[in-house]
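Generate coordinates for the entire structure from the input sequences, incorporating the hints supplied.
Here is what each chain is made of, one letter per residue.
Protein chains: 2
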Amino acid sequence: MQNFTYQNRTKIIFGKGAEREIGSEVRKYSDKILLLYGGGAVKEYGIYDKVLSSLRESRVEVAELGGVQPNPRLKLVKEGIELCKSENINFVLAVGGGSVIDTAKAISIGVPYEGNVWDFYSSDKLIEETLPIGTVLTIPAAGSESSPGSVITKEEGGYKRVAESERLRPEFSILNPEFTYTLPDYQTASGAADIMSHVMERYFTNEPRVGFTDRLSEATLKTVINNTPKAMEEPENYSVRSQLMWASTVAHNGLLGTGRIEDWASHDIEHELSGMYDITHGAGLAIIFPAWMNYVYQNNVERFAQFAARVWNLDPNYFSLEETAVEGIRKLEEFYRSIDLPTQLKDLEVEITDEDLEEMSEKCTESGPVGNFVELEKEDVLNIYKLAQ
Amino acid sequence: MQNFTYQNRTKIIFGKGAEREIGSEVRKYSDKILLLYGGGAVKEYGIYDKVLSSLRESRVEVAELGGVQPNPRLKLVKEGIELCKSENINFVLAVGGGSVIDTAKAISIGVPYEGNVWDFYSSDKLIEETLPIGTVLTIPAAGSESSPGSVITKEEGGYKRVAESERLRPEFSILNPEFTYTLPDYQTASGAADIMSHVMERYFTNEPRVGFTDRLSEATLKTVINNTPKAMEEPENYSVRSQLMWASTVAHNGLLGTGRIEDWASHDIEHELSGMYDITHGAGLAIIFPAWMNYVYQNNVERFAQFAARVWNLDPNYFSLEETAVEGIRKLEEFYRSIDLPTQLKDLEVEITDEDLEEMSEKCTESGPVGNFVELEKEDVLNIYKLAQ
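Listed in order, the protein sequences are those of chains Z and V. Per this note's numbering, the first sequence starts with residue -7, numbered consecutively. Per this note's numbering, the second sequence starts with residue -7, numbered consecutively.
In short, the hints are calculated from the structure, not lab data. Computed from a predicted structure; not experimentally measured. Do not rely on the hints blindly, as some may be mistaken.
Straight-line C-alpha distance at most 27 Å; calculated DSS-like pairs for lysine-lysine [said to hold, decoys possible]:
1. V:K370 - V:K117
2. V:K24 - Z:K20
3. Z:K8 - Z:K146
4. V:K20 - V:K35
5. V:K355 - V:K338
6. Z:K8 - Z:K70
7. V:K378 - Z:K214
8. V:K214 - V:K323
9. Z:K20 - V:K20
10. Z:K8 - Z:K214
11. Z:K214 - V:K20
12. V:K214 - Z:K323
13. V:K20 - Z:K117
14. V:K67 - V:K77
15. Z:K146 - Z:K338
16. V:K146 - V:K323
17. Z:K338 - Z:K67
18. V:K378 - V:K146
Computed footprint of chain Z on chain V; a stretch qualifies when at least three of its residues, placed anywhere within it, have a C-beta under 8 Å from a C-beta of chain Z [said to hold, decoys possible]:
19. 139 to 148
20. 209 to 216
21. 233 to 245
22. 287 to 294
23. 302 to 308
Backbone N, C-alpha and C fix where the C-beta goes; we use that ideal spot for every residue, glycine too.
Here is the structure:
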């Protein structure tokens, strides 16, 4: 078990009516804020009105910026930074999923910074100052509501990159599972693949004797596997939506990585894909993760066998753990297909040539090999893309 | 699933050498502190020296107070308060287990308060101001290193009572599993029973559809069950001690109670026992919890059957879940006996008369019934003590 430091200061306010506390929470930090959101769904389903009503009740002045897209773009981040600077705003409230929250985080880095905010995404530059942010979560997926990360895409070149700092954990996050009732099935399913990937990026480690976090991780995976199909069958089942929403946060708040060396190659490999072709991140992960698994499982057959037995309830073949390991990977693929996610590149409605794969492999590894479970060079990444074809 | 608010600001610094960060962490709050500890073990095994060396390196001035006993007493709390007041100390560093940490918390409440600190333990009086505290944990058991609670015993009458506030979460806790290598087996085992009880007080709920936290709780219980006997066989096995130490913190940091109605009757019933007879809290719980289970399991046989199947790997009898439920309780008792814990009052080296049981039942319920899974009146508590005889 590795040494670690863990602290998660984000205040989670969870449940029906949690949005009524937005105003009083915001007022602890500011009386003038940027309200950030994405497309029309937030307005269409009444979430926007509820947020605004709580803010008005607490007499919070609001500047608005809508239109955050999936795989959120640097351009809108810069717009938000300018807006905050010109209006003297020092708090950002994100209403939406990971894209909106990650944009809020990027704005919160950019406002107190003189240079180009992309500096923090294109290098390891230390984030020393940020605005406080709060979130109202509408999609259980990215875990950004209490994570220290933010992922932004730079339009030129389709670079999708990560900034990370403890400062990026939101001050508070409002989680009302009812706000997820209207999610399209594809988003519920993609969210599930994203949550599961956050757990699996930590689960597949060579660090020995991390049994406690192994078990917490398996508990989280089983919760997502059991509840996702139910959420698609009964979109307004509160308890099902609750389990998924809370699991999405815990999956990525850092607890499941304590004491472990995490991997994150699959995320790096997928980011090239969604950065270039603007596909849903979770769907991209449903394609990349099984391919990654098939490529690397022989590195630690025992761990993959444990995954198969504990997460998928497979009866292990103790005389051939490899057989069990492979069966576990197949189970994951089957699960993704059962919730109508793509599991191969050819399932996507985009054309990806061999030259594209070459270019993505190049970009993915331009700062060095990716992953820790197995370190992957450019050729390995290319092989994984090809396995996923 | 119940609505909830969850925030845990305690910074956990975990691993070998973590104590080297004590000085720099303390300096964020103060340059003059009260160093609080218990008996001689902390000095004997070199922990005291390591703590002091880190404090000196950061030029922190130290006043000392040793001698905190198990089931910590109000008298020493008051001594600590006076010491802090007279020396103008505004930070308390607890080095020890739950008793030392709970004493530090009590001191931290008492210093800024004009009246008698017991007010906060004998009533629901709101804790509005506290000193910041830090901890160096040496016994995985109480979970006080990141919990919002403190338990203190008032000598007159043997009242053992709880104060609770988010303000009581420590600012940081240093968890070096090596510091637990020298724990006597009885303390390792009692600690395990305490950890498991913290999980089970939350697990046994009538709240339906809390599957995610059910699974996280089962993961934690299995970790303790697997690692405790190993820790007693190989006291210096780092990975085993690590799993236990991290599990003890997560068991009681609030995560496993999110969305649930918790019970806590067994703790209330046990507190009378350790308040009166000064027995080890965890050992008292090993006696009381199975008796409580036998008394209440029929209220929710399904939940006890799930506990039996998932935590103890029992093959359920689907035609008689009650049989499975009872078998699960038996497994818990067997486990406690296997690690040399008492499971009946008669195993203790104290004489407890029927009048004593009567008196404890009276005191336990003097503010009303205890527990939520089943609400227990005085007669019920008495019945549970009798089942435990």
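The hints, checked one at a time:
For the suggested pair K370 of chain V and K117 of chain V, the alpha carbons sit about 25 Å apart, so the restraint of at most 27 Å is met. For the proposed pair K24 of chain V and K20 of chain Z, the alpha carbon gap of about 30 Å is over 27 Å, so the pair is violated. For a cut-off of 27 Å, the pair hint linking K8 of chain Z to K146 of chain Z is broken: about 37 Å separates their Cα positions. Our distance criterion of 27 Å between C-alpha atoms is met by K20 of chain V and K35 of chain V, whose separation comes to about 26 Å.
Proximity of K355 of chain V to K338 of chain V is assessed by CA-CA distance (about 21 Å); at most 27 Å being required, the pair is judged to hold. Among the hinted pairs, K8 of chain Z with K70 of chain Z is inconsistent with the structure: their alpha-carbon atoms are about 34 Å apart, more than 27 Å. In summary, the hint linking K378 of chain V to K214 of chain Z is not supported, as the alpha carbons are separated by about 40 Å, beyond the 27 Å threshold. Among the hinted pairs, K214 of chain V with K323 of chain V is consistent with the structure: their alpha-carbon atoms are about 13 Å apart, no more than 27 Å.
A C-alpha spacing of about 23 Å is found between K20 of chain Z and K20 of chain V, which places the hinted pair at or below 27 Å, so the restraint holds. The straight-line distance between the Cα atoms of K8 of chain Z and K214 of chain Z is roughly 24 Å, inside the 27 Å bound, and the hint therefore holds. Taken as a hint, the K214 of chain Z and K20 of chain V pair is broken in the structure, with Cα atoms around 41 Å apart against an allowance of 27 Å. A distance of roughly 25 Å separates the Cα atoms of K214 of chain V and K323 of chain Z; the hinted pair therefore holds under the 27 Å criterion.
About 24 Å separates the Cα atoms of K20 of chain V and K117 of chain Z, which keeps this hinted pair within 27 Å; it holds. At most 27 Å may separate the alpha-carbon atoms for a hinted pair to count; K67 of chain V and K77 of chain V meet this at roughly 16 Å. Taken as a hint, the K146 of chain Z and K338 of chain Z pair is honoured in the structure, with Cα atoms around 25 Å apart against an allowance of 27 Å. For a cut-off of 27 Å, the pair hint linking K146 of chain V to K323 of chain V is broken: about 35 Å separates their Cα positions.
A hinted pair counts as satisfied when its Cα atoms are at most 27 Å apart, and K338 of chain Z with K67 of chain Z does not qualify at roughly 30 Å. For a cut-off of 27 Å, the pair hint linking K378 of chain V to K146 of chain V stands: about 25 Å separates their Cα positions. Under the rule that three or more residues need a Cβ within less than 8 Å of chain Z, the assignment of the stretch 139 to 148 of chain V is violated, with 0 such residues. Against chain Z, the stretch 209 to 216 of chain V contributes 5 residues with a C-beta closer than 8 Å to a partner C-beta. That satisfies the three-residue criterion, and the hint holds.
Here the stretch 233 to 245 of chain V counts 5 residues with a CB under 8 Å from a CB of chain Z, which clears the bar of 3, and the coverage holds. Chain Z is given as covering the stretch 287 to 294 of chain V, and this is violated because 0 residues of the stretch bring a CB closer than 8 Å to a CB of that chain, at least three being needed. Requiring three or more residues with a Cβ within less than 8 Å of a Cβ of chain Z, the coverage given for the stretch 302 to 308 of chain V is violated, as only 0 such residues are present.
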